[in-house]
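Trainee: My numbering puts the first residue of the sequence shown at 31, with every later residue one more than the last.
Keep in mind the hints are simulated off the structure, nothing from the lab.
Glycine included, every Cβ here is placed at the ideal spot set by N, Cα and C.
One should not assume that every hint holds.
What the hints assert, rightly or not - What follows is a list of derived Cβ distance ranges for each label pair:
#: 1; residue 1: I213; residue 2: K180; range: 37 to 47 Å
#: 2; residue 1: F104; residue 2: K82; range: 24 to 34 Å
#: 3; residue 1: A130; residue 2: D101; range: 24 to 34 Å
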Amino acid sequence: MENKLETDSLEMRLRALESQIYGERRNKSGKPVKCAESLARIQAGLTNTANKRERVKILHKKIEDLMKYLDPQFTDHITVPDAMKLEFILAEEDFLLSQAALLEQVNSMQPLLDSTYIRDVPEHATKLQRLSQIHIKEQDQTEAQSLEVKKLFEEYNKMMFLLSKQFTQWDETLRKMEEAKGIRPVE
31 MENKLETDSL
41 EMRLRALESQ
51 IYGERRNKSG
61 KPVKCAESLA
71 RIQAGLTNTA
81 NKRERVKILH
91 KKIEDLMKYL
101 DPQFTDHITV
111 PDAMKLEFIL
121 AEEDFLLSQA
131 ALLEQVNSMQ
141 PLLDSTYIRD
151 VPEHATKLQR
161 LSQIHIKEQD
171 QTEAQSLEVK
181 KLFEEYNKMM
191 FLLSKQFTQW
201 DETLRKMEEA
211 KGIRPVE
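Kindly generate the complete structure, drawing on both the sequences and the hints.
Mentor: Right, here's the structure in full:
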């Protein structure tokens, strides 16, 4: 019974405190607001947040693991033993040596690749393109000129042929006239 009195006394004191803190406020159901309910809700929210935080930490850890598993090198590491990797390297030894020799050759030619001649290639390329266009234009002009000259030669040859024919006719006519008059041609 004494416990019951103590519990009742505590409840009375708690109600007095609640009425001092909350006044006449009531919750949605119309009952007076109780501190214990508010504290219980706050505690539940904090617990829920803490649990979510733990879940977020676990999720981040799983994302890191997933990224690690998605990495092609990781899958190669898991699926291909070191002995097999060694076999792959030994099988490609000749190719790797030839590539190494080519790389050394490129490294030895590095000063040539860094020369002003190579660096000026883009500038020279634009000049070369301009010159190429000029060359094509002049080639077209040369073709047109060649056709014109060919046409003139054909006309010249035709004219010379006609003149030669005319001179031959005149010569024949003159010879016939001289024969008719009895004049002997001079050779």
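Trainee: Hint by hint, say whether it matches the structure.
Mentor: Structure-based check of all given hints:
1. In this structure, I213 and K180 meet the distance hint of 37 to 47 Å, their C-beta atoms being roughly 44 Å apart.
2. In this structure, F104 and K82 meet the distance hint of 24 to 34 Å, their C-beta atoms being roughly 30 Å apart.
3. Distance hint for A130 and D101: a CB-CB separation of about 27 Å, consistent with the stated range 24 to 34 Å.
The structure fails none of the hints (numbered hints given earlier).
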